[in-house]
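Protein chains: 2
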Amino acid sequence: MIETPYLLFLGDAPDQLAAKVAQGIRDWRPEYALGQFRMPGCRADMKLPDMTLAEARAAGCKTLVVGVANRGGVISESWIKVLVEALAEGFDLASGLHNLLRDEPVLVEAAARFGCNLYDVRVPSVEYPIANGRRRSGKRMLAVGTDCSVGKMYTALAMDKEMRARGMKSTFRATGQTGILITGDGVPLDAVIADFMAGSIEWLTPNNAEDHWDLIEGQGSLFHVSYSGVTLALIHGGQPDALVLCHEPTRPHMRGLPDYQLPTLEALRDAALLMARVANPDVKVVGISINTQHMGDEEARAYLAKVESEMGLPTVDPFRHGAGRLVDALAAI
Amino acid sequence: MIETPYLLFLGDAPDQLAAKVAQGIRDWRPEYALGQFRMPGCRADMKLPDMTLAEARAAGCKTLVVGVANRGGVISESWIKVLVEALAEGFDLASGLHNLLRDEPVLVEAAARFGCNLYDVRVPSVEYPIANGRRRSGKRMLAVGTDCSVGKMYTALAMDKEMRARGMKSTFRATGQTGILITGDGVPLDAVIADFMAGSIEWLTPNNAEDHWDLIEGQGSLFHVSYSGVTLALIHGGQPDALVLCHEPTRPHMRGLPDYQLPTLEALRDAALLMARVANPDVKVVGISINTQHMGDEEARAYLAKVESEMGLPTVDPFRHGAGRLVDALAAI
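In order, the protein sequences belong to chains A and B.
Using numbering that gives the first Met the number 0, you'd call the opening residue of the first sequence number 0 and step up by one each time.
Using numbering that gives the first Met the number 0, you'd call the opening residue of the second sequence number 0 and step up by one each time.
Simulated from the structure, these hints should not be mistaken for lab results.
Be careful, since some hints might not be right.
Partner residues aside, some chain A positions facing chain B, computed with beta carbon under 10 Å [to be verified]:
1. ASN69
2. LEU96
3. LEU99
4. LEU100
5. ASP189
6. ALA193
7. PHE195
8. GLY198
9. VAL229
10. THR230
11. PRO251
12. MET253
13. ASP258
Covered stretches of chain A (in silico footprint by chain B; criterion: 3 or more residues with CB under 8 Å from a CB of chain B, positions within the stretch not fixed) [stated by the list, open to error]:
14. 0 to 11
15. 36 to 48
16. 126 to 135
Between beta-carbon pairs, the in silico distance windows are [stated by the list, open to error]:
17. A:ARG70 <-> B:HIS252: 51 to 57 Å
18. B:ALA331 <-> A:PRO205: 34 to 40 Å
19. A:GLU84 <-> B:HIS252: 46 to 52 Å
20. B:ALA164 <-> A:ARG276: 58 to 64 Å
21. B:ASP210 <-> A:GLY321: 44 to 50 Å
Computed from a predicted structure; not experimentally measured.
All C-beta atoms, glycine included, are put in the ideal place defined by N, C-alpha and C.
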């Protein structure tokens, strides 16, 4: 578990989009984000106090999180210099970069010398068990999508935020790199060995209080041929009580697969229920989350109303309009 | 490559199923299997001569093959003792276990000292791509099962044998350690990183002559919650033209999952077709393969006739009665 709170390292981010990991932390766990560290030329801004490393330590920051994508897949010399200084100040480092902190000898050496940790959240740090399929106490929601990158993580995070605000018991369970950096914990499922995928999700969502909800971040899609196996492992390892269907209506084809059309929401509902009932016969689809970011206000409201009428399920864009109706549906189970 | 012939190490296998690697070699490459080595408590038997290590060396065995699975994976101290003695006798060791021979320092040291080789066939030796979903030339059959270990590998091997006998173009495509030990080639799918599972199967079954059949070994089951993700990656990476449903009718529950009943053949057919059509809309279920090893002759024939009548598909035990009718069905596509 990565120690909080964080100092967000924005490096020399060329724009706001390059710092989307930092933005996710800022949006969903503002209490973890005490400050930001920007280098000359940085064009991203989280509207957080700019801090030196020493100031951030004095403010209580435990971990420097690399909140920015690096250009060209290289951790530059100028970054390395800052990261070594951070280790010398006593920071742990956490990163979701493709190139690993642990593959940089100077960082490994400095971490050892100063007694600090390097967290590369792209690679699993746990020996996961093989799934045993036993029913666990507590309740679980899984976001499933018609495609990759349609808003499954945001849906689960928005529901978690709403449930906390209502005083309900919930935990967002991260299954991807960004989610892990946002919350400090989780399973990097796409990097897990095939035989242990479902077991890693059982491990992530253990027995809990009967009125506690795990809100599990989805991955891939049953209909995305590159990653569908990852999705099914989530469905069977998570043994969800509730599914939320996620969709982005303006996409012309499956992400990265020009020859493949997106399935309908009806097809997703039927396939996801068929598979989810294997692990939990009582599973229900409780609502629909639509990513309307490419639609105007009128268009978005009309589309949501149309889907809600066709599917007979609460249909919202939780990022745009809040997750209240999805949480109402969970609470009614 | 791995030197033959083999001494089959059965360890302290709790039952015959646990030794399915040894059984596969015994059945499909009997000329490689000169003897078996069993430890106290072993409940598996290949009906081969029980040999000491020295006797097996004297009989000409070159390699001790670990022919028994260890669920979850620990190489016990009692196994290690035998394996070190085998190296001292001059055996190479070959294994498909999750935990690697090469990760046991005492084996590495002994192999170096005695000039012998350690073969871990489970470790992927290729950097597989992410699946792209593009249609490939040639035809593909995938065996899918109601459960793990119901005869998917045997079905594909028996069909391959029959097709070769008829002069048809076919290749058995191994996706597990037994198949790889038998044929010397394949993808150790359960050890592949999640994101690359489907891509590894595309790599294994590339473009081919239009009248060539890849006969793909299945893994797991869409209904086995521990491994279903592996199965779906096979279905989407293999983009099969033909499916053969595999079933073992006497099993009381899903293997290793006492709380889970086996699905019906109808449920398997419907779920497998639903998922397979995502990658290949023309996919057909062409036949049914029943593992009747726990049934008498009369009982087996009656059961096959009943299933054939209910399902309307050629239904055989290819190991007991040959794979001719399944191959007829493929040839008719």
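Results of checking the hints against the structure:
With a least beta-carbon distance of about 20 Å to chain B, the hint placing ASN69 (chain A) at the interface is violated under the 10 Å criterion. At about 16 Å, the closest approach between the beta carbon of LEU96 (chain A) and any beta carbon in chain B exceeds 10 Å, and the interface hint on this residue is violated. Of the supplied interface hints, the one on LEU99 (chain A) is violated, with its beta-carbon coming no nearer than about 14 Å to a beta-carbon of chain B, more than 10 Å. With 10 Å as the threshold, the beta carbon of LEU100 (chain A) stays out of range of chain B, its nearest partner Cβ sitting at about 19 Å, so the hint is violated.
Annotation: ASP189 (chain A) was flagged as interfacial toward chain B, and the flag holds, the nearest CB pair being 4 Å apart, inside 10 Å. Of the supplied interface hints, the one on ALA193 (chain A) holds, with its beta-carbon coming within about 5 Å of a beta-carbon of chain B, less than 10 Å. At a threshold of 10 Å, the smallest CB-CB gap from PHE195 (chain A) to chain B is about 9 Å, leaving the interface hint in force. Taken as an interface hint, GLY198 (chain A) checks out: its beta carbon lies about 7 Å from the nearest beta carbon of chain B, inside 10 Å.
Because the closest C-beta pair between VAL229 (chain A) and chain B is about 5 Å apart, less than 10 Å, the hint holds. Residue-level restraint check for THR230 (chain A) holds (minimum Cβ-Cβ distance to chain B is 8 Å; threshold 10 Å). Nearest Cβ of chain B to the Cβ of PRO251 (chain A): about 15 Å, over the 10 Å cut. The hint is violated. Given hint, MET253 (chain A) at the interface with chain B, holds; its Cβ is 8 Å from that chain's nearest Cβ, closer than 10 Å.
With a least beta-carbon distance of about 6 Å to chain B, the hint placing ASP258 (chain A) at the interface is held under the 10 Å criterion. Coverage of a stretch by a chain is defined here by at least three residues with a beta carbon nearer than 8 Å to that chain's beta carbons; for the stretch 0 to 11 of chain A and chain B the count is 0, and the condition is violated. Evaluation of the coverage hint for the stretch 36 to 48 of chain A: breached, as 0 residues show C-beta separations to chain B shorter than 8 Å, against a requirement of three. A stretch counts as covered by a chain when three or more of its residues have a beta carbon under 8 Å from one of that chain; for the stretch 126 to 135 of chain A and chain B the count is 7, and the coverage holds.
Between ARG70 (chain A) and HIS252 (chain B) the C-beta distance comes to about 53 Å, which sits within the given range of 51 to 57 Å. Range check, ALA331 (chain B) to PRO205 (chain A): Cβ separation about 51 Å, and the 34 to 40 Å hint is violated. At about 58 Å, the beta-carbon gap between GLU84 (chain A) and HIS252 (chain B) misses the expected band of 46 to 52 Å. Separated by about 42 Å at the C-beta atoms, ALA164 (chain B) and ARG276 (chain A) break the suggested range of 58 to 64 Å.
Restraint check, ASP210 (chain B) to GLY321 (chain A): a C-beta distance of roughly 58 Å breaks the suggested window 44 to 50 Å.
The structure shown violates the earlier hints numbered 1, 2, 3, 4, 11, 14, 15, 18, 19, 20, 21.
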